[in-house]
Each structure stands twice: as C-alpha cells, then as structure tokens.
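Chemist: For reference, the chains in residue letters:
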Amino acid sequence: GQQVMQIPQYQHVQEGEDFTTYCNSSTTLSNIQWYKQRPGGHPVFLIQLVKSGEVKKQKRLTFQFGEAKKNSSLHITATQTTDVGTYFCAGLSGAGSYQLTFGKGTKLSVIP
Amino acid sequence: DGGITQSPKYLFRKEGQNVTLSCEQNLNHDAMYWYRQDPGQGLRLIYYSQIVNDFQKGDIAEGYSVSREKKESFPLTVTSAQKNPTAFYLCASSIMGSGNTIYFGEGSWLTVV
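Line by line, the protein sequences give chains A and B.
Taking the numbering used here, the leading residue of the first sequence gets 1, the next gets one more, and so forth.
Taking the numbering used here, the leading residue of the second sequence gets 1, the next gets one more, and so forth.
Possibly wrong hints are sitting among the right ones.
Label pairs and their computed distance ranges (CB to CB) [stated by the list, open to error]:
1. B:Thr-111 <-> A:Val-44: 19 to 27 Å
2. B:Pro-75 <-> A:Gly-16: 42 to 50 Å
3. B:Thr-101 <-> A:Lys-59: 14 to 22 Å
4. B:Thr-20 <-> A:Gln-2: 24 to 32 Å
5. B:Ser-67 <-> A:Glu-67: 23 to 31 Å
6. B:Glu-106 <-> A:Lys-56: 23 to 31 Å
Here's a subset of chain A near chain B, in silico, CB distances under 7 Å, partners left out [claimed, not checked]:
7. Asn-31
8. Phe-45
9. Leu-92
10. Leu-100
11. Phe-102
12. Lys-104
13. Gly-105
Listed below are the simulated DSSO-like cross-link pairs for lysine-lysine, each with C-alpha atoms no more than 27 Å apart in a straight line [claimed, not checked]:
14. B:Lys-83 <-> A:Lys-104
15. A:Lys-36 <-> B:Lys-9
16. A:Lys-104 <-> B:Lys-57
Rather than coming from a laboratory, the hints here were simulated on the basis of the structure.
Where a beta carbon is used, it is the ideal one built from N, C-alpha and C, also for glycine.
Extracted from the complex, chain A is given alone in its bound form (with noise of 0.2 Å):
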C-alpha cells in the first residue's frame, strides 16, 4: 500500500533558526496536504498542494511539492516559540480515493 515517510522525526531548533521537513510517498500523489498540531491539541490543516513543482507560502511558512508529485516540504523561516508543534504531511493518491496517508510527523521544538 501507499506509504508516506517523512524526516526527520523531531527537530530541535533555536529560536530564529529555521526549519525544514520532508515528506516522500511510495506512489505519485494527486495531492499533499500539511497539518499542524499544537502540544495536547488536535490536528489543524494548513495547506494543500495540488500541481507539480507548486510553491505555496504563508507568512514564514513555504511548502513546495516536487516535479514527480511524490515529495514535499515544509520550510519555516526564522522560528518562533509559537511554531512549536509537530506537522505532519498527508497525501492523497489519486482521483476518487478517499484516505489520506499520514506520514508520523516531524515534532519541532523551539527554544527561546
């Protein structure tokens, strides 16, 4: 089955540093999707790529999704404490599917 792995698993930053998380699929994804999830909270959605080589960005944030459609990245730039969390990747693998596959998510910690 699809398999989505995503590196790395925890990332310890200073705060100001930035930051970077990779998510590749075993399979050509028709979309990703990225969620963040606070300490004691529940997944929210940040974003979704759709077309090959889209760059996304939100504030600090830019996502890229590859040529193939089977990478993606996260890039945080100049971490604050409130990026503190851990962001996972999700890929949907093609037209009609109904799961999304979660990667096990890159827990970022900040410190001050």
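Given the structure of chain A, go ahead and fit chain B onto it with the hints provided.
Modeler: Only chain B this time, still in chain A's reference frame:
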C-alpha cells in the same frame, strides 16, 4: 458554532470492557473518519464512512467497530478484543470531492487499566 464534537475528552476503563466514543459533526460533511494516535506513530486510520449506513475498514480496524446511522454521527466502539486500546482517538470529517481536506475534533484520551 460549526465543528466536530468528541466526547468524552478523557475516559478510563477497566481491561475487558467495551467503550464507545462519541463523534458528532454539524458541518454537513459526507465523510467521517476515526484515527488513532500513539506517540511517534503519527495518525493511523481505523474506519471511515463516506455515506450513511456504509463504512470501510482502515489500516487498523481489528478490535474496533463503528456505525453510521445518521450523517452527523459516527461513534466508535473499542471492544475488549483490541489488545492495546490506550491511545488518543481523533474523529474527523471532510466534504467529498474537495481534495479530502480533513477537519479534526479535539480528540478523546482513552486509558485502559
């Protein structure tokens, strides 16, 4: 307010007892899901339902059961057959055809002692 309501938020049960987690949504979403989250394991799909009176097994359905008698409701029963039931359970819903963007409830912590 629109959203997904899970209850209870915290639940303790003795080993061997069945327990049912409630999930209600007023978003008029067709699809509903149950995920299990364990530390370091990410989110694993237990069951999902696309329409009323129909549901499909996810990746880890053994030891769980669901029903979908109403569009708004998708309760999950953790049976005594589930070997390691202690976990954080997340209910979610989505509009069919919207790229499957999922909206999560706040989750239920189940501890079996």
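Chemist: Please go over all the hints and tell whether each is borne out by the structure.
Modeler: Evaluation of the provided hints:
At roughly 25 Å, the beta carbons of Thr-111 (chain B) and Val-44 (chain A) sit within the given window of 19 to 27 Å. Take Pro-75 (chain B) and Gly-16 (chain A): their Cβ atoms lie about 46 Å apart, and the range 42 to 50 Å holds. Distance hint check for Thr-101 (chain B) and Lys-59 (chain A): the Cβ-Cβ separation is about 20 Å, which falls inside the suggested range of 14 to 22 Å. Checked against the hint of 24 to 32 Å, the pair Thr-20 (chain B) and Gln-2 (chain A) passes, with Cβ atoms roughly 30 Å apart.
For the pair Ser-67 (chain B) and Glu-67 (chain A), the supplied restraint of 23 to 31 Å is violated, since their beta-carbon distance comes to about 44 Å. Under the hint 23 to 31 Å, the C-beta atoms of Glu-106 (chain B) and Lys-56 (chain A), about 27 Å apart, fit the expected range. Of the supplied interface hints, the one on Asn-31 (chain A) holds, with its beta-carbon coming within about 5 Å of a beta-carbon of chain B, less than 7 Å. Checking Phe-45 (chain A) against chain B: minimum C-beta separation of about 5 Å stays under 7 Å; hint holds.
Of the supplied interface hints, the one on Leu-92 (chain A) holds, with its beta-carbon coming within about 5 Å of a beta-carbon of chain B, less than 7 Å. Using the Cβ-Cβ criterion of 7 Å, the hint placing Leu-100 (chain A) at the interface with chain B is satisfied: the shortest such distance is roughly 6 Å. At about 4 Å, the closest approach between the beta carbon of Phe-102 (chain A) and any beta carbon in chain B falls short of 7 Å, and the interface hint on this residue holds. The closest approach between the C-beta of Lys-104 (chain A) and any C-beta of chain B is roughly 4 Å, which is under the 7 Å cut-off, so the hint is satisfied.
With a cut of 7 Å, the hint placing Gly-105 (chain A) at the interface with chain B holds, because the nearest CB-to-CB distance is about 5 Å. Proximity of Lys-83 (chain B) to Lys-104 (chain A) is assessed by CA-CA distance (about 22 Å); at most 27 Å being required, the pair is judged to hold. Pair hint Lys-36 (chain A) plus Lys-9 (chain B) holds up; C-alpha atoms about 20 Å apart against a cutoff of 27 Å. Of the supplied pair hints, the one linking Lys-104 (chain A) and Lys-57 (chain B) holds, its CA atoms being roughly 20 Å apart against a limit of 27 Å.
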